[in-house]
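Quick note: the sequence shown uses numbering that gives the first Met the number 0, first residue 0, plus one each step.
Derived from the structure by calculation, the hints contain no laboratory data.
Here the structure is a predicted model, which means the values were calculated and not measured.
Among the hints, erroneous ones may be present.
To be verified - PhoX-like, lysine-lysine: derived pairs with alpha carbons at most 25 Å apart:
{"id": "1", "residue 1": "Lys183", "residue 2": "Lys235"}
{"id": "2", "residue 1": "Lys11", "residue 2": "Lys38"}
{"id": "3", "residue 1": "Lys224", "residue 2": "Lys247"}
{"id": "4", "residue 1": "Lys247", "residue 2": "Lys173"}
{"id": "5", "residue 1": "Lys55", "residue 2": "Lys128"}
{"id": "6", "residue 1": "Lys224", "residue 2": "Lys55"}
{"id": "7", "residue 1": "Lys34", "residue 2": "Lys11"}
{"id": "8", "residue 1": "Lys235", "residue 2": "Lys224"}
To be verified - Listed next, with one range per pair, are the computed distances between beta-carbon atoms:
{"id": "9", "residue 1": "Leu222", "residue 2": "Tyr84", "range": "56 to 62 Å"}
{"id": "10", "residue 1": "Glu181", "residue 2": "Val71", "range": "27 to 33 Å"}
{"id": "11", "residue 1": "Ser315", "residue 2": "Thr193", "range": "15 to 21 Å"}
{"id": "12", "residue 1": "Leu45", "residue 2": "Gln285", "range": "22 to 28 Å"}
Beta carbons are placed, not taken as given, at the ideal position from N, Cα and C, and that holds for glycine.
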Amino acid sequence: MSDELLSMFLDKEGEFLSGEAISKELNVSRTAVWKKIRKLEEQGYLFEASRKLGYKLISVPDRLSAIGMRSVLGTDRFGRQLHLYEAVDSTQTVLRKLAEEGAPEGTLVIAEQQLQGRGRMGRTWESPKGKGIWMSLLLRPNLAIHYSPQLTLLIAVALCRSLRQSTGLPIGIKWPNDLLVERKKISGILLESTAEEERLNYILAGIGISVNLEEEDYPAELLDKAISLRMLLGRKLDRTTLIAHFLKELEHLYDIYLREGFASVRTLWEALAVSLHQRVTLTTPQGVIEGVPVGLEENGALLVQLDDGQLKPVFSAEMGLPDSVS
0 MSDELLSMFL DKEGEFLSGE AISKELNVSR TAVWKKIRKL EEQGYLFEAS
50 RKLGYKLISV PDRLSAIGMR SVLGTDRFGR QLHLYEAVDS TQTVLRKLAE
100 EGAPEGTLVI AEQQLQGRGR MGRTWESPKG KGIWMSLLLR PNLAIHYSPQ
150 LTLLIAVALC RSLRQSTGLP IGIKWPNDLL VERKKISGIL LESTAEEERL
200 NYILAGIGIS VNLEEEDYPA ELLDKAISLR MLLGRKLDRT TLIAHFLKEL
250 EHLYDIYLRE GFASVRTLWE ALAVSLHQRV TLTTPQGVIE GVPVGLEENG
300 ALLVQLDDGQ LKPVFSAEMG LPDSVS
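Let's have the full structure, built from the sequences with the hints guiding it.
This is how it looks when you write it as structure tokens:
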């Protein structure tokens, strides 16, 4: 009943709802309505009460909710199956179990806090409670396994475009999928996949966005490398809106990609990249490479021009950017 009651107030935002009208709609007593409103207040919701007019929702807590998310979703599939947690070890771990149980494409796992968040190259990811967006999305594309690098780039494009539109910040992509502002990281993406007979079975797309973190939320050693949207803009942002905007953009680009291939994604990625046409250092499993990235290959590899003029495709590496990158 709490969900139904909250939905009524969200649908009538800024309006009073009488206790009598609520009790009739929910088929419960007015005492039960009063108790549920008290329960919502304990969770951080603020109401104005009037003997004549009833109750009006004044503000909602800074926490994610399934009702709030579904009220703003503009997608057909992505995020419609939603699993929301207060705290988990990792959203990737939770989603993997759901995927193995047959969860449909578009299933989304979100946590207010990750206790063992993971990044690329086995790194940990700082995921303080209620400050960021820590989520994993399930994809089930009917593709060969060698196409998975393209999906990493696709998700980076969708996230970068949606956050640029939402914030107005000059966000860029550092190959393959880190999002930067002023040379500092605001978001990371981790894709994990399973395959059978060289075909992708499913992909777990883990996405972390540093939304409302403050300086004290970061370990000292990360302050020169990472930053949040709040620190950049000087104000808090609504996480629900950011998630909904990203999911809509991703679903749109994903469907185009499945119909038309990688060409349009490659063009968009190259336009948003901060790591093209300038000298970089790439630390690969085979050793260190220095050169100038000039674009993407059709398979999603980064094409790097070496000092001898040779063009070398790179699939996996840690990139070091020059000081001139903004």
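Evaluated hints:
1. Lys183 x Lys235: holds (18 Å)
2. Lys11 x Lys38: holds (19 Å)
3. Lys224 x Lys247: violated (29 Å)
4. Lys247 x Lys173: holds (23 Å)
5. Lys55 x Lys128: violated (28 Å)
6. Lys224 x Lys55: violated (44 Å)
7. Lys34 x Lys11: holds (20 Å)
8. Lys235 x Lys224: OK: Lys235 and Lys224 at ~21 Å, within 25 Å.
9. Leu222 x Tyr84: 56 to 62 Å: violated (28 Å)
10. Glu181 x Val71: 27 to 33 Å: holds (29 Å)
11. Ser315 x Thr193: 15 to 21 Å: holds (18 Å)
12. Leu45 x Gln285: 22 to 28 Å: The hinted range 22 to 28 Å is violated for Leu45 and Gln285, with Cβ atoms some 58 Å apart.
Comparing the model with each numbered hint stated earlier shows that hints 3, 5, 6, 9, 12 do not hold.
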